[in-house]
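Asks: Both chains are given apart, each in its own frame, so use the hints to dock them into the complex.
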Amino acid sequence: MPPVTRKILIVEDDSSTSAYLAKGLSEAGFAVESCSDGRDGLFLASEGIFDLIIADRMLPGLNGIAMLGAIRAAGVRTPTLILSALGTVDDRIDGLNAGADDYLVKPFSFAELTARIDAIFRRVDRGAGEGQATRLSVGDLEIDLLGRTVARAGRPIQLGAREFNLLEYLARHAGQVVTRTMMLEKIWNYHFDPGSNVVDVHIGRLRRKLEEGFAAPILHTVRGAGYRLSVEP
Amino acid sequence: MAFVWKLVRDQAIDELRRDTVEESEGLVAIYRAGGLPALARTIDEGRANGDRSRIVAVIAADGRRVAGIGPAIVGSGAPAPTIFRIGRMGDSSPWLEREAGYAVREVGPYRLVSGRLLDDWEQEQQGIERALAAAMLLSLALGIGGGLIVTRYVGRRLDRVADVIEGVASGDLSRRVVNPAAGHPGGGDAFDRLATRLNAMLDKTERLMTELRIVTDGLAHDLRSPLARLRAKAEVAVLQADPAQREAAMGGLLIETDLVMRMLSTMIEITRAESVPRDRLAPIDPAALMEEIAELYGPVIEDSGMRFEVGIEAHPPQIVLHRELMTQAIANLIDNALRHAAQGGEIRLGLVIGPDEARFQVADRGPGIAEADRAQALRRFGRLDVARSVPGAGLGMALVEAVARLHGGRLELGDHAPGLIVAIVIPLTA
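For the record, the sequence lines run as chains R and L. Under our numbering, the first sequence has 214 at position 214, and the numbering climbs by one with no breaks. Under our numbering, the second sequence has 151 at position 151, and the numbering climbs by one with no breaks.
Keep in mind the hints are simulated off the structure, nothing from the lab. Some clues are possibly wrong.
What the hints assert, rightly or not - Quick list of the computed label-pair ranges, beta carbon to beta carbon:
1) Glu247(L) x Arg39(R): 36 to 44 Å
2) Ile93(R) x Ala248(L): 35 to 43 Å
3) Arg39(R) x Gly155(L): 54 to 62 Å
4) Arg213(L) x Gly75(R): 46 to 54 Å
Note that the structure is predicted; figures quoted are calculated from it, not measured. Ideal Cβ positions, reconstructed from N, Cα and C, are used throughout, including at glycine.
In isolation and in its complexed conformation, chain L is listed as follows (with noise of 0.2 Å):
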């Protein structure tokens, strides 16, 4: 406020010692153009638009004034020169009462003072006074106004933040805020999307709770049976009393060992995948990795009765991947491929680049999944009840699907009529 009226103060001022000093100097040239009868032939002419507050006078040596507006007798003696200063001047009415903005300039013999008296300006800034003091108090009002309509709209919006955090803290993970903006990204203000990054953090948190869950019993129920074998083959070996035959029967023991050993470490993998480190992932080429699964598994495939067949796009750009965990991921496709779909004789390998995702595909011509138990199929990793028969492979289906996820991507089931296509789909932003 006081900023505001020194500002509008200082520069009422410079304007004033602009024109007071613009003034006199025309006048000077005046004077020494045509003398005194010239310099009091101007004022007078000045005199005529019947401005109050103007001071244009003539001095002479002993203060006395000799022509032009302006108190009689300014002081005892001529005033000195200067070129701009504010004071009071005179010892008359009006010039005693108020204060002048004036220059005083050196004519021959006399002193020509020219300047205007304050009172205009006084009253305008007078004026910016009450009018900063009024907005000052209306600020006042509003702000305090607005403030406590502010409180308790940020109260209300919070509250219903704060309420789901609380139901999600007793328990109830479903819970989500109600977002009018969801959907519309960018849309919205700052609670909106404070709603939205809240609402995603739970959908996570629910999906890897669920996905916890799921594994566990998965885990549960896959490590049941090696280990009722593993059991079984243990009781049988314990009881052989021939060197020979207990030599085989423990052989077997360490191969159901290893199958309970693998399915662990698969799980661990998974649950590492959800939180691998990005500078674990470097920029590979998708074909490469490709081509490797290729010459590692086309043998495999081969060997067992099917065709393999590759198709990769040639010359895709780099994409930042995970290599180890992705081949793997791949891997565990075409091992599904062997077990389940066997009996139609190919097995297929894609790479497929799309303008801003990338295809990993493995496609069978085994039974399929019909298209309404596709996502089905995908919420429960793959444990179809086709999968049970076979032990892990429910748990290398939900590898896939985690690693889809480490790389921002999905896993994606479709028709290869006849057949199942599934697709590793990476976004080629990531």
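Bound conformation, chain R alone (with noise of 0.2 Å):
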């Protein structure tokens, strides 16, 4: 549970899809604010009192990139995550473009909204605080940033280049779901769907390394969302 209760935007001109990210946010503990239209959202962003926006792409009197752009013209930084029935790389990496911290594709799961709000928040409180860390650690798993080195337990872990960025991932996110997507976005920078098991066969191998020889597990497999590395089960 955050510290605070942090206050989400929801600027979304479906009213179906709106209510039911309200009702999931309430529940998972946010204040939350809905309009639907650019124009209203831009008015309430602009306030700055918000810690998230959740707009849509499409929206009537402004769209969500334009608004996004006013929002950022305005010197207001609020992280904001775009959601949109667009789902080409193309329309992705264009909202990304654009100033948008995330960009989830309707039809999403909750499990990968949350997770994508998760990981927003943590990186903002990261950017105030340890955000020059060198050494992360989670439970009695070592990771030096700097070295690229890993032990658990004081025991060191070969790592090849692509897994040590993976865990690392999962270290600044320990505690967090990590959904497949995220992991396929930000390590290897592909915005496309590859269907198969990709991610799982890395996430195996690297699991395999972290676990082998030790008594507690530590990467997790969240049935339905994604992974998360974490002492607790």
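Replies: Right, dumping it as structure tokens:
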């Protein structure tokens, strides 16, 4: 649970999606405010009181990308997640280039959305605090970001370059769910759905290295969502 | 016409002026050297050549001719010295009737008049005028005649194009303009080029229409089975009393839904790939692109119990590519090999750089495709019957084909002896 209740602004013109989002996010412990067009969204966002904006891309009045541009131009840095039915690779990249912190294609699973929201908040918090950390630790797992070495319970573990990046990403979001698409986007910089179990295979290899010969599992599968690096099961 | 006439006239007068001034200066020089007798002698010698239009006269202060050829009396008194002028002079024939171009110079107490009557170049000028008029009439006639011929010719050529357009507009996309210059790039006239372009455009339109039909048919076909499964599983889930089993059934629903979603997004990607703006493409290192794919898929292939080999040419030139779509296309080829050639036990990823094209290849040791079936397989985007057993495989190949074309390239099937080798061939000039 977040220490302070975080406030999320939902800008979405489809009332059923908006209600679905508001209900789910409220249950997840967020304070939610909704509006249904880009102008209202811009007006509300300009107050700068929100911790996150979730905006549809196609909105009446002012589209999501233009609204985001206006918000950024007004000097408001509130993290923004774009939701859109436009799902091609180029659409996603355009959304991110427009200043969105993340881009999620409709229809989405709620697990994917909350994982991405958690990741955004973690990034914001880190920006304030541990941004320059040179070491990460999760339980008995120690990651040296400068030397790019990993040890568990004092025993060194050999990882490939990509495996190290994967572990670093999981460790930065330790305790949170990280989805397959998030990893594909951040680790491999691919914005398409490869369709097969590519991420699972890489996670499987990483897991064997992290857990073989150790008593407790540390890299957990979260059914229907993704993976979580944590000492708690 | 008037311009040409004036040009000719100005040129003739210029020439006369030059000759006259030169001659008068020569005569003045002779006078200075030998006085009037020498001048008169020179003039008399010149007379011998019988040129009747010539005027060379020494005129006394009262206007009378003292020596030379010219009017007996030039006027009342000596003419004023002048470098060159055109006008009538004298009071008797033939000098009274015709204009002359002449110079008047002071030689002692006398005036030296030298020049030429204008008749011969005037005649020349009239000749030119007559010729010009005739030429104008002739060219007018030729112009009208030629215009009629060209109009009929152009009309006939354009009618052929218009017929084809009309045919296409009424739904017959197979119509083409008959074009003898086809196959000769740069050959033929503007009409042939128009025909070539029009035919190329129709080829593309027809291909797109066919493709759209295939993709739509394929999509409807491919969507039917996951939707049927989805429906069946939903039915089971609704009827499930036990909460744990219901949850499991719901999980199955999500998987089927994701499959349908993935097929839809692939189809959108295919239709978009036809119109991706060029600025989406950037020069990138093809070897790096292939290595990233190898890095991503290597473990997947090995985990499925197959050998994975990579053969990437070192130091290839940069190629203008859409990184993600190209990666997705090659990933689709690997996926296909994983599905259809697992028993072959080997997948080979290769990058081969030729003099003018790059080949991104995925080779397997599976059953392959018989040579006779390859062309048809390509035409139907790999929608072979074997592919039908796995939903969505046809769409995957359609995307590969669309991506190859987006880069101005093509998809090729070859024999890996044994096995299939699929290559996305991209021209290096693009």
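Asks: Determine which of the earlier numbered hints do not hold for this structure and return their numbers in increasing order.
Replies: Nothing - there is no hint that the structure violates, so all of them hold.
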